[in-house]
Structures are given as structure tokens and as C-alpha cells.
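Q: Residue numbers (the numbering used here), protein chains in the order written: chain A, 1 to 441; chain B, 1 to 295; chain C, 1 to 332.
Simulated from the structure, these hints should not be mistaken for laboratory data. Some hints here could point you the wrong way.
Unchecked claim - Simulated restraints, written as ranges between beta carbons of each label pair:
#1 A/N300 with C/S68: 58 to 64 Å
#2 C/G73 with A/A426: 26 to 32 Å
#3 A/L299 with C/R161: 27 to 33 Å
#4 C/S68 with A/G194: 56 to 62 Å
#5 C/V103 with A/S172: 56 to 62 Å
Unchecked claim - The calculated lysine to aspartate or glutamate pairs, modelled on DMTMM-like cross-linking and capped at a C-alpha distance of 20 Å, are:
#6 C/K121 with B/D27
#7 A/K197 with C/D166
#8 A/K229 with C/E85
#9 A/K331 with B/E239
#10 A/K430 with C/E85
#11 A/K436 with C/E85
#12 A/K59 with B/E239
#13 B/K81 with B/D57
#14 A/K436 with C/D67
#15 A/K427 with C/E85
#16 A/K388 with A/D130
#17 A/K197 with B/E64
#18 A/K162 with A/D376
#19 B/K81 with A/D52
#20 A/K341 with A/D117
Note that the Cβ used here is the ideal one computed from N, Cα and C, for glycine as well.
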Amino acid sequence: MRARLRPALILVAAGVLATAACTAGGGGSTEPAAAPDSSKPVTVTVWSNFADRELGVLKSTLDAYHGKHVNVTIDNQGSQDDDKITQAIRGGNPPDVAISFTTDNIGQFCSQGSWQDLQPYIDRDKVNLDDIPQAVRDYTQFNGKRCSLPMLADVYGLYYNKDLFAAAGISSPPKSTDEMLEDAKKLTVKNPDGSIKVAGFLPQWAFYAYKPQIVAPSFGAQWLDKDGKSGLGKDQGWQDLFGWQKKLVDFYGQDNLQKFTAGLGQEYSADMGFQAGKVAMAIDGEFRTAFIADQVPTLNYGTAPAPTSRPELYGGGYTTGTIIGIPKGAKNPGAAWDLIKYLATDTDALVTLANGLHNVPSTKSSLSSPNLKLGDQFKPFLDIFANKNLASNPASTIGDQYLKFVSDFGTSWENGQVTDLPGGLAKLDKQIDDAKALGGK
Amino acid sequence: MTALLESSPPVTPAVPRRRRNGRRTLDFIAVHSVALALGLMFTLPLVFVFLTAVMSDQQALSSELWPREWHFENFVAVFQKAPMFTYLTNSLVYSVLATAGMLLSSIPAAYALARFRWRGGNLAFMLVIAAMMLPPQVTAVPLYSMWASGHLTGTLWPLIVPYFVGDAFSIFLLRQFFLTIPEDYLDAARMDGCSEFQVLYRVLLPMTKPGIAAAALFTFLYTWNDYFGPLLYVGERQESWTLSVALASFRGMHRTTQWNLTMAATTLVLVPVVVLFLFAQKSFVRGLTFTGIKG
Amino acid sequence: MTATLHSPAREQRTSPAPGKGRGRIRNRNRLWLLVFLSPWAIGLVVFFIYPLLATAYFSLTNYNGLDSANFVGLRNFVYLFTGDEIVRTAAYNTLWLVVVLTVLRVAFSLGVAAVLARVQKGGGLFRVLCYLPSLVPPVAATLTFVFVLNPQIGPVNTLLRHVGIDGPLWFNDPNLSKPALTLLTLWGSGELMIIILAALLDVPKDLYEAAQLDGAGAWTQFRRITLPTIAPVLLFGMVNSIIFALQYFTQAIVAGSVASGSADMVGNSQIIGYPNNSTLTFPVWLYQQGFRAYHMGYASAMAVVLFVVSFAFTALLIRQLRGAAHTEGARS
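Go ahead and model the full structure; you've got the sequences and the hints to work with.
A: Structural data, given as C-alpha cells:
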């Protein structure tokens, strides 16, 4: 019996193998799908990583769209991060519209075609992309392929607690990273047992918004060399960044720092360190102003561009943006495009969203709209957005993986496991380039 | 042994009678204080979870151990924050269907392995062991691709279907139970003209009910607790999440929550398992002792 | 007593169909055998043999789950053994768990079982208390421990502070995160305790009595009588623990992600392995590469390595177990 079974087994195995080798096909056509008949009911699924209050803001804008197109019902699902979006595309059950908070994965989205090319739609509907600022136009495409449009932009700057600054006798926010280091030390208050009570600034990777891509612009650190390879080892900025960071970590003591952060509230809760007055300075996105207004309106704080290592860099900062696109395999691409067009280019929609989320509008028309009501603390972010030193991190075919490599490296460096900074950075470059090569044909 | 968790005669300390009684008392005290310490060690973490679950947001961020006020409404808040009923339903669907499928497919297979003599029987049993020991991550890529090509990821089917075609651990366990029934009983039935099917369902199954209950319980528990499978196949789709996936993602999804609600959700997830255990202690123990020993 | 893993042929004491009509019955049996085994046989092909072959094939390709797989030869394996720095850390972490978890889990379970076997008052209650944690779903158990061992607000460090000890960082310290995972695993090893307890209670009492008459002390009795008798069960515990440690995934990925304090979802690439990749086990990195970064070809190469290692352990231990079963059978 065994002998008779064996050929059958191999046949079955071979058959399944053949079908499995080509998964999740379809959706590769370049022809834009027509917008749906306005009399036909259609449901459009929208995925984003918004949660709680922010998801509600998005919903109100989607409701406004529904008011204009009553046949379109929108299924608005929150807490869908990039990983889940990519998984759903692999599985062949993607949403019609995908919204991602960052541009970290756009290289993967565009290069593998997991997000559809929007150019045919843009050409067909003659959408004027000139209304979108150049920097934003750049980060929403990859190698000339436009697979997403911007839906508001994020800009990072310095938040500082004015009461804590006054108590420490500091009159103005730091402009250089050296000043920031001194201020952070002055602002730090310790308990009698030596543990941290109030931290001046938290330099712990991946905790809150302290991430390599967000801090890099403060040191003018560049990601790529001239040939498009990873160039961290050749760039003085990274050595400045890691050197600065280690000084601050050593000041607190790493154990102290870990203990302190372990007892802080969640990043978007009312008890988040800066909002609770336990952290005096933070580099964070402009959207934080909305969280503070909502959760701790009494907090006495100011905002400014992030301090920089060289004076000529001051005024800029890190930018990224929420991107919106149609995943491969979407069931209603035509209806999805119509909604995307509305969310990315309609001035009223963008202004409503910007006011609700406290984000930077991503078209010139909405930026100059008189209806924008964002408050004084928001003003510096608009200036950073307009500054020539505005910087972003490059999209790559390995998505955000290289960011993990960099923060891993940063951790080994602050631990003292890596002592040769330039050598370590050169190894890091090789690690990033090797990982990129792995996905090649 | 069946009542292992309730009470059973202790192995009396090996102290000859002529020794002093005082030594015995000391021994008694020593053993029982160690047992008491162990009992506390095993229980306290769960007590802390519960105590934190009923704290206020602020207190949950302090290092106090005892709730200042008892916020039982935290449990309600968990249901308001997350569609726990959906997750509960999904977990139940996964566990119940998988258990049913396991029984349908694995009982006959276990019977065949325990009671038939055939060339290849040894190999088949080794394959069962190999499949039982295989880390699920080894086969994840092709299986995921297979289900994705059928557009079935995001549903519970990839989790459930494999149980309808035999679960290695259950086959192994059931085989161990079936081997305990003397062949003579089965032969007697065969002499009466029973087919093998009737032998299995009329004779063997009624005699091994405890074993079948144990296999069912283990499958139920394994699927209920499973995280890798649901993460892989339904992670992308929230409506299909099971309780394990939902609980792991609870803090990430509800970014405004503190430890108290996370611990309340944790409590809600572990209560059903504890209740199940209290109802079915004996079967658990019987199954356990059979996985390890008895041939 | 005989041990678990021996072949059915040896147990078949009587032939299945004595008496007349043997040939017919055997044919009939063959049909039933086919009926009984066919669901499992299908399962074996579709969910065991095919995926193993396919994994081997995919390991030689570049495959992202969207485009069809491209043959790239041994490139994935070259990267695995010479290029990927993280996989080295991951392999080390898994090896660490295999060694430490296996030894401690068996020793701890034996210790607890030995205490439980001697309890006279309230034995049932103690057994339930020790067993209960093993039923707690791993995700819930991990959240429990990450909270209980939180350096700042966790009860353990709070209690330590009350007695004047500055508690360690547990899951936030790269040197202590794996020991913390070990504690979590020991806490939930009630199943093994009960299995060992059953074996301990099964040791014939007259053996002890005889030894006492010979004047053997407690330690000698344990070494000469208890240990040899329960050896098969301990070996079973070792196999079980090794396999368990090789596939250690849930606790590691959840603990790392939650302890990082990040608002990102569990398993997010940026926070897995926290702190400092110390909780990044081999299966976690395999999952991350295969199902987050979609280097599915590379993940398959890792799967091949995992398969080879776990298969080697399984085979080795099955052989030992069968050997032990034989000697056991001879003794009793």
C-alpha cells in the first residue's frame, strides 16, 4: 500500500505547490476603474491606524463625503497599522482605501505594487498636483511611481513645559543641541533615592516619539550616500547624534532611565510623560497639540523648532505624512479613488481634518484657508513646514526595517557594547545594504 | 490517580517508627510551609492582576498594591473599548469546531494506529510523533501562501480545517488510551459479528470516554490559548480576531488606556479557562498522566 | 510500567482475528484501515509533507508573497549564515532558552512535585494552586508577568522596595529579560509537575520500605529508587521542554513588545526583541522576516534550519526514550 500511495502523494504535493507559488494575483491592470454609478449603492472600506478620538475626526469627514454621495457607505476601521494592511494585501482581502501614518513603508508599497499606481486616475481626472508642496509630492511617491497621495502632513518640533522651565530658571527653549543637553540636566529632578522624578528629556530609542528618523534632522544626519547606498558611516551627523545621546543617557544612568520610562503612561493617554509634567522637553509631532487640548488643557507649554547641532540647520525639522492609496486587490477601486481624491485634494475636507487632528494641511489651498483654526502653539509647526531645512527619511524597498537596525545599533552603543562609533556605523551600513539586497531578484 | 488534584494518599515520609515523633512534626511543618510558599507564589501574580484591574487610571500608574477604590466598572469599560463579544465568539467558534473536527478525524486514526497490525504502522506512528513535534513556524510560509491563494486568510478556516484531517497530538493521546483496553473485549465483539466500525463506536469508545474527554479538553484549551495561528491567519482582520490576539493588541489599539484596563481584559480572558478547569479537573489530570506515562 | 513511545507492533499481544476466515477478515480490516486512516492521511499530505517540501523549495527562492517565487540558489542560506547579524542573536536566544528552560523546567517541576507528594493536609488545594497557572492563556500570562515585574510600578519591585532592595529591571534589562521569561515559563509548568507527581506516587512503596530496612538515607532512596523509576517521565519532560523552547514565540513577542512601552502594536518591527533584541527568538525573527518584511524565501530558509534542529532533537530523544523504556521494562 505504501508503494501505491507514494506516486499519489507526490502528485498531490506537486499540484498544491504549483498553485501556491502564485498567490494573491489580480489587480495589476493599468486601466483606471470607472467611478461607480451614483445610483448604485456601494460600500467602501477604509483602514487607518487612527484610534479613539482621532478615528472620530476621520469619521466626521467621511460622513461629510457620504452626505454628498449617499450611495457610498463607508466602513471606517481604525487601529490598522501598516503590517496589517500589507498582510491583508497578501491574503487578498485588502480594504478599498488604505491610510498609513508614515511614509516608512512607501518603498515597499510602490515597488512591489501592493498599492496601485494612481497616475492613470490622476491623468484621467486631471488632478492638479501642483497644489501639493514639492516636498510632500516627493515623499508620497517612490522612484517615480505614484502609489499614494498625501492626506495631511506631520511635522516634528520641540515641546517644552513652561512651568518646569521657570522652576529651573530657564527663560527660553534651547536652540542648539548643546543647550538642550544642559537644559535637560537642569530640568531633571531626582528623588532622594537617586531615581528620576522629572526627566529633562528622554533619549530612549523607540520610546514615545524618540526615533532615529525623527531626531536625525537635528544633527543634519544623512541616510544615503551619493550612490544611494546606506551612508551613515560617512556622515558626521550620525556621530554627533549618537555622541550627544550617549552623554544624556550616561547623565541619567541607563537603569534609572529604564525604570523611569517603565512607570510612565501610554504614548497617547492623558498620563503620557510630557502631558503629566514628568518630562520637561519632548520632540513630538504637531498632533500632540490636539491631545493636550483634549486631555490636559491646563498644561502650560510652548513649542519651537527642534534644537540643532549646527545653527544653520535651525528652523527645520522632521516631516512625514499620512498617505492614502488603493491596495492591490481592492474590490471597489473606482469608488475608492473618488474618496481618495476628496480626502487628498478637497480644501474643506482637508481643513476639517486638520482642525480636528491638528495636522498640517497638505495642499497650498488648504494651508492658506482662512478656516484653519489651529491655535498659537501650532504656529511654529507651520513655520517648520515652510522651512528649507525640512527633512524626511528615504523610502526603501525593505520598508522600515533599516530603522530597526539603526535603533538596535543605538541601543548597543549606549550600552557600551559598541565602542568604536565610526566602525560600528560602517558595519551598520553593510547590514542595511545586505538586507536590501535580499529582496532583489 | 484519577483524583490526583483532589486528594490522594500522600507518600508517607520515610521515617522508621522508632524515631521520635518530633522529627515527624518538624518534617510536617517544613513540607507544609514550602507548599504554602509555593501556593502563594503560584497564586499571587493572578491576585495582583485582579487588584490592578479594579484600580483607577492614576492609581494603576502608582506602585500601590491595594485599590483605594474598587472600580468594577473597568470590566464594563473593556467591553465598551473593544468588541470583546466578537472576539469571544471567534474564540469559541475556533475551539469548538476544532475540537469537533479533531474527534471526528483523530479517533478513527488513533484506533487504526492502536489496534491494527499493518506494514507501515510503525512508520505512520513515527510520522504522528514527527508532526506532533514540528514547530508550527516551519510550515508557516507555504501554508499561509496556500490559504492566501484561496483568499481564506482573514477567516477562521485555516485554523479550523486542519483539525478535520487529524491532529497529531490528539491521535497520539487517544492511541495511548485505546491501548489500555484489553484486546479480548474487542475480540469478543468481533466474534459477535461487529464490524470494525461497530467495535470502535460500540465497544471501545464507551470504555474510553475519559480519554476522549481529555483529548477534547486539550484540543479546546490549545486552540483557546493559541496565539501564533490566529496572529498569522486572522491578524489582518479585526472581525476575525480571537481573544488571544485581541488581548495582545489591547494596549496598542487602545492607546489611551492604562494598565488597569489591560489587566481587566487579562482577567476576562483567563476566567473562562479557570472555570472550565474547575468543572473538568479529573479529565485534565487523566489526560496529563497519559501523555507522560502508561503504555 | 512501560514508557510512552514504543511501536504498536510490540504491544500487539494477540493477533487481531483468531479462528476461521482469517483471510476474509484481513481484507475487510484493510478496508476499514483505509477508511479510518484516510482523513489523517490527507491531513498528513496537505499539512505536513507538502509544506515541508514547499518550505525547502521556497528556501531557494526570492518570494514576497505577491510576485511569483524566483529561484536564487543558496543566496538565502548564505545571508543566513554570513550576513544576517540579527539571526545570530535570535539563534543564541533560542539556544539559551533550550538549555536553561529545559534544565530548570524539569528540575523545578520535580522539586514542586516532590513537595506535593509529601503534603498531608490540603494536598488537593495545593495541587490545584500549582497547576492553575499552566492553564492561563500564554498571552494573558505574559501580560501578567510584564506587569508584575514592571520595574517601576510592578508589585514585585514594590515589595522589594519595602524591604529595602532596589529591584532589577526584569523585562527592561537585556540581561534579565530571558530569565524573566524563564520565571514566567516555570510559573506555568504545572502540567509537567502533575505528570511527575503521578509518576512519584506510582513508585511502589515496598521498594522504599525495603531500602529503609537496609538503612538507606533519604538521598540514597531518591537516587537509587525514585530517580530510576521516574526516569522515563523525566526524559519525556526533557523532550517536551526542548521542543517547547525551540518554538518559543508567543511569550517572547508579547513580552518584548509590551515591555517596550511603545504605542505600536505587538510584533511591530521596531519593537520586537526589546530590550536590545534579547527577547528576539529564532521563531520570532522567522515570523518577522516572513510575515512582516515579506522575505518569505528567507523565512523559509530559516524554517529549514529550525526543522533540521528540532528534528534532530526529536529523533535523538525518541531513541533515548525507547532505550529507557526497554531497560525499564526489564526491571519491573
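Q: Next, verify each hint and record whether it holds.
A: Right, here's what the structure says about each hint:
Checked against the hint of 58 to 64 Å, the pair A/N300 and C/S68 passes, with Cβ atoms roughly 59 Å apart. C/G73 and A/A426 have their C-beta atoms about 28 Å apart, which keeps the hinted 26 to 32 Å range intact. Between A/L299 and C/R161 the beta carbon distance is about 30 Å. The supplied range of 27 to 33 Å therefore holds. With their beta carbons about 60 Å apart, C/S68 and A/G194 fall inside the hinted range of 56 to 62 Å.
Taken as a hint, the range 56 to 62 Å holds for the pair C/V103 and A/S172, whose Cβ atoms sit roughly 59 Å apart. A hinted pair counts as satisfied when its Cα atoms are at most 20 Å apart, and C/K121 with B/D27 qualifies at roughly 13 Å. Proximity of A/K197 to C/D166 is assessed by CA-CA distance (about 16 Å); at most 20 Å being required, the pair is judged to hold. Between A/K229 and C/E85 the CA atoms are separated by roughly 19 Å; this keeps the pair inside 20 Å, and the hint holds.
The straight-line distance between the Cα atoms of A/K331 and B/E239 is roughly 18 Å, inside the 20 Å bound, and the hint therefore holds. Taking the CA atoms of A/K430 and C/E85, the gap is near 10 Å; set against the 20 Å cutoff, the hint holds. The hinted pair formed by A/K436 and C/E85 meets the criterion: a straight-line CA distance of about 14 Å does not exceed 20 Å. Of the supplied pair hints, the one linking A/K59 and B/E239 holds, its CA atoms being roughly 19 Å apart against a limit of 20 Å.
With a C-alpha separation of about 15 Å, the suggested pairing of B/K81 with B/D57 holds against the 20 Å cut-off. Proximity of A/K436 to C/D67 is assessed by CA-CA distance (about 17 Å); at most 20 Å being required, the pair is judged to hold. Taken as a hint, the A/K427 and C/E85 pair is honoured in the structure, with Cα atoms around 10 Å apart against an allowance of 20 Å. For the suggested pair A/K388 and A/D130, the alpha carbons sit about 18 Å apart, so the restraint of at most 20 Å is met.
With a C-alpha separation of about 17 Å, the suggested pairing of A/K197 with B/E64 holds against the 20 Å cut-off. Of the supplied pair hints, the one linking A/K162 and A/D376 holds, its CA atoms being roughly 14 Å apart against a limit of 20 Å. Proximity of B/K81 to A/D52 is assessed by CA-CA distance (about 9 Å); at most 20 Å being required, the pair is judged to hold. Of the pairs offered as hints, the one joining A/K341 and A/D117 holds, with about 14 Å between alpha carbons and a cut-off of 20 Å not exceeded.
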